[in-house]
Structures are given as C-alpha cells and as structure tokens.
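*Asks:* Using our numbering, you'd call the opening residue of the sequence shown number 1 and step up by one each time.
Worth flagging that the hints you see were computed from the coordinates, not collected in a lab. Any given hint might turn out to be false.
[To be verified] Below, computed lysine-lysine pairings styled on DSBU-like, alpha-carbon distance capped at 35 Å:
{"no.": "1", "residue 1": "Lys90", "residue 2": "Lys53"}
{"no.": "2", "residue 1": "Lys11", "residue 2": "Lys90"}
{"no.": "3", "residue 1": "Lys90", "residue 2": "Lys51"}
{"no.": "4", "residue 1": "Lys11", "residue 2": "Lys51"}
{"no.": "5", "residue 1": "Lys53", "residue 2": "Lys11"}
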Amino acid sequence: MVDFYKDYVAKMFSIEGRTAIVTGATGALGGAIAVAYAMCGAKVVLTGRNKEKLEVLAGEIRDAGGEALPYAADPSVEEQVKGLVAFAAKQYGGLDILAVSHGYNKPQNILDQSVEDWRC
C-alpha cells in the first residue's frame, strides 16, 4: 500500500488506544482485519487455533509499528473464549472491539445438526 494512503486511512479511521480481539486471525480475512485495526492504532489480540501462525502475524504487526499479541484458542470451546477475553482485559485493560472472522463447522450432514451444533 502506498504510504500516503496508509497514513490517510489511519488518521481518518483512527481507533487509537482501543483494544480489539480478532478471531480467525490466521485466515486471510481475519489477518487483514487485524492489520487494518493495528494500522489505525488499535492494540490487537490475535486469536485462532494455530499458535505459530498467530505469532508470525503478531511479529509482522509489531515490526510495522503496531501493537499485537497472539492468543491461541478454539472459538468453539467456551472456556478458551473466556480465557481469551480475560487475557485481553489483563493485557490491555479492557475490550472495545470484537471482530468475529473465524470459520467453524461440524463434519456432519447439515440436516442432522442440532441448534446446539451451530453455537460456538
């Protein structure tokens, strides 16, 4: 991206000092959201199931001057999600933004799935 546009977007859409959690941060969409939030001044907690990919993305964001921390968690496991929110609150003092960009499915015929199967 041209630097002019980067600075322009960051100023126009400033979320300086806000804390964001981005689920599915190791995917293309989640990663782009995380980078954009960091570019606009947010402190970003990256989450997904692949710890190594999260660490790489967090490093790239930090190297570019942003602030990001990785936190490996499965969004379908309630206790892990609670841990994620507690981590964000402890590290950054709260939570302002939640971007839900993870994908989740159960390998089962859709007609055999219950309402409970759709909750994650």
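*Asks:* A separate judgement is required for each hint: does it hold in the structure or not?
*Replies:* Results for each hint:
A distance of roughly 23 Å separates the Cα atoms of lysine 90 and lysine 53; the hinted pair therefore holds under the 35 Å criterion. Note on lysine 11 and lysine 90: the hinted pairing holds, with a Cα-Cα distance of about 27 Å set against a maximum of 35 Å. Taking the CA atoms of lysine 90 and lysine 51, the gap is near 19 Å; set against the 35 Å cutoff, the hint holds. With a CA separation close to 31 Å, the supplied pair lysine 11 and lysine 51 stays within the 35 Å bound.
For the proposed pair lysine 53 and lysine 11, the alpha carbon gap of about 29 Å is at most 35 Å, so the pair holds.
When each numbered hint is compared with the structure, no violation occurs for any of them.
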